[in-house]
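Participant: Single-letter residue listing:
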Amino acid sequence: MMQNDIKRLSLFLLFAPFALWIILLIVLPHLGMFYISLQEKVGPRVYEFGLANYINFFNEPIYWNTLIRTGSMSMLVTVLALLLGFPIAYYIAKIAGNRTRGALFLMCLIPLWVSDLIRAFGWILLLRETGIISSSLQWAGLINTPIEFLYNDAAVIMGLVYTVILFMIVPLVSTLDGMDNSMIEAGYNLGGNGPTVLRRIIIPYAMPGIVSGCIVVFMLTAGSYLTPILLGGKNSSWFTEQIYDQFITRYNWESGAAFGFLLLAFTSLVIWGGLKLSGQTLNSTVARS
Amino acid sequence: MQSITENDLECIQIQKHFGSVRAVDNVSFEIPKGSFFSILGPSGCGKTTLMRMIAGFEQPSSGDIRIKGNSVIGTPPNRRNVKMVFQHLALFPMMNVYENIAYGLRCAGASKDVIRTKVHDVLERISLPDVANREITQLSGGQKQRIAIARCMVLDPDVLLLDEPLGALDLKLREAMKIELKLLQHQFDTTFVYITHDQSEALVMSDNVAIMNEGKFVQIGTPQELYHNPTAAFVAGFVGDTNRWAGRVIRAENGTVEVETEAGLTMRGSVRGSGAPGVGDTVSAFVRPEFITAEKTTGQPKVADQTHNVISGKIDSILFNGANSRALVRDRAGELIEADVVLTGGTQDLKPKDDVTLSWSCEQTMSFKG
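Top line first, the protein sequences correspond to chains A and B.
First residue of the first sequence? That's 665 in our numbering, and the numbers climb one at a time after it.
First residue of the second sequence? That's 89 in our numbering, and the numbers climb one at a time after it.
No lab work stands behind these hints: they were computed from the structure.
One should not assume that every hint holds.
[Stated by the list, open to error] Cut-off 25 Å, straight-line C-alpha distance, at most; resulting in silico cross-link-like pairs (DMTMM-like, lysine to aspartate or glutamate):
(1) A:LYS940 with B:GLU187
(2) A:LYS758 with B:GLU146
(3) B:LYS266 with B:ASP218
(4) B:LYS457 with B:ASP113
(5) B:LYS156 with B:GLU98
(6) B:LYS206 with A:GLU849
(7) B:LYS266 with B:ASP295
(8) A:LYS940 with B:GLU223
(9) B:LYS156 with A:GLU849
(10) A:LYS758 with B:GLU252
(11) B:LYS441 with B:ASP419
(12) B:LYS304 with B:ASP152
(13) B:LYS441 with B:ASP329
(14) B:LYS121 with B:ASP277
(15) B:LYS266 with B:ASP329
(16) A:LYS758 with A:ASP841
Could you build the full structure based on these sequences and the hints that come with them?
Facilitator: Right, here's the structure in full:
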């Protein structure tokens, strides 16, 4: 009896920090935000309950265009991160020797030690009109006038891929690592060539890792703020910027909160669609790795 | 060109070096069509490297591998008609049984109808006709084993390589699978090359066994030959259970020697293997437990003669294992000697602390020089 109580108490104590974190920092603020998002402003300091903030979003093309743009660019970033990350992960997990594997993994982690902000400024240093790339091209005589590489979609996408690729590599390495080498050899032994083995064996095996990497990368990209603003400038039209504007510039918390929930709904919808398409579940992917 | 030989697989002076390590050293052998050939050796003897070279995952440093008479050096693994059952089977977990078996046929570009008939055919032959739509995780250990073999056999290989596939199974299933593998080999009439460190697997199933040690083939022969006529001390010690003595020759005459062991026993033995030991040479003598008769010492003790060694001792313990029960006998010199005994459960059975006389024929005392 006593033993049981102690067990229950220790379980409760162990669980408490997590429960507090979830309730105080995630559930409560979101409930508050959701409440705010349902407030319509009808006069100075006068509010009514209603869906006006949401309706407003759909009536104003600039808002939902920005959301669509953010979504599609995030998908592009996810695809690029996958295409670049897969060979790297495959090399780390399957080709590199035991000793180089650790070193390579560490090299992938090193960029994380520097803050997002500093990394973005690093890119600016390279890409701006007076930056390293532009001036070295001039020095080499390839161009006559300085070129601005910043403030376009390519710069934003490149910067985002660079920031998030690690979150693609880690789950991929861990799934590929769990793959028995003899599975690949069996693929060849039974008559498959390189592309067949990749398509029929390696990729299907790595699917949980691929999907979980894509989910994390897509979420991070769609919700990122610093990189698109710094590298894309005024033209970036990223949806988080829109939210920031509502909250800070216009001091319209009601609309900002509604936008926040729309972004959440949108990304959840995309991920749900992706899971359905790939035939995976959250349990088999993100929860596993 | 159809080759003139009837051998499915020939290896000619294969060598494989990893740096200064000779993993496989000058191995030559040939396997006639449709036979079950085992390569038996302790772990690390190079047998897996040899198999990987036959499959094409490693290139030999020198030598030639011929399949049906044609050299396959330089042929990539997917173009060799040699299929392999991996140690952990390597069934594809993301495909069901049907897809696993169909994979190889798809790679070969077979049509849908052909694939369907062949897959069902092979499932029929391994007597698992109803598992086509099962997932791999739903199969039992023995079923997985058979699917892994079916996946290879459906491609009609010239040679099937098996890399210790029974290692992961529990004892009971392993015994059953030994018999089943032998039957499958008969049924498919394909050459099986089986790699193992478990001698009972090799002896039970094989037509021929090669004993491998430190990268070299020590002896190739039928299981009976290896067991009864080993040509090297390593084979005598590795195949089957045996008592082993190291000693020195005190008398030698055409084919027999009298040996004094380090502990001071004398016994007569027949010379086996290469090199005739002379007086003073060191020899290793091997006697299998089943050739030693243990009898309770009675009034008139037996004495050694020209054809029999006799020593007396006391039973230290009895290892009961049904028909394979064994007595551990401590002799005068304090060494333990193993002898097979028959235990019927009656009062006449040998018991620990009994005084016994051990006797065995000199012919069964296999003595090797060195």
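Participant: If a hint holds in the structure, say so; if it doesn't, say that too.
Facilitator: We went through each hint and held it up to the structure:
{"no.": "1", "hint": "A:LYS940 with B:GLU187", "verdict": "holds (22 Å)"}
{"no.": "2", "hint": "A:LYS758 with B:GLU146", "verdict": "holds (17 Å)"}
{"no.": "3", "hint": "B:LYS266 with B:ASP218", "verdict": "holds (23 Å)"}
{"no.": "4", "hint": "B:LYS457 with B:ASP113", "verdict": "holds (23 Å)"}
{"no.": "5", "hint": "B:LYS156 with B:GLU98", "verdict": "holds (8 Å)"}
{"no.": "6", "hint": "B:LYS206 with A:GLU849", "verdict": "holds (23 Å)"}
{"no.": "7", "hint": "B:LYS266 with B:ASP295", "verdict": "holds (13 Å)"}
{"no.": "8", "hint": "A:LYS940 with B:GLU223", "verdict": "holds (21 Å)"}
{"no.": "9", "hint": "B:LYS156 with A:GLU849", "verdict": "holds (23 Å)"}
{"no.": "10", "hint": "A:LYS758 with B:GLU252", "verdict": "holds (23 Å)"}
{"no.": "11", "hint": "B:LYS441 with B:ASP419", "verdict": "holds (12 Å)"}
{"no.": "12", "hint": "B:LYS304 with B:ASP152", "verdict": "holds (16 Å)"}
{"no.": "13", "hint": "B:LYS441 with B:ASP329", "verdict": "holds (24 Å)"}
{"no.": "14", "hint": "B:LYS121 with B:ASP277", "verdict": "holds (8 Å)"}
{"no.": "15", "hint": "B:LYS266 with B:ASP329", "verdict": "holds (20 Å)"}
{"no.": "16", "hint": "A:LYS758 with A:ASP841", "verdict": "holds (7 Å)"}
Hint compliance for this structure: every hint is met.
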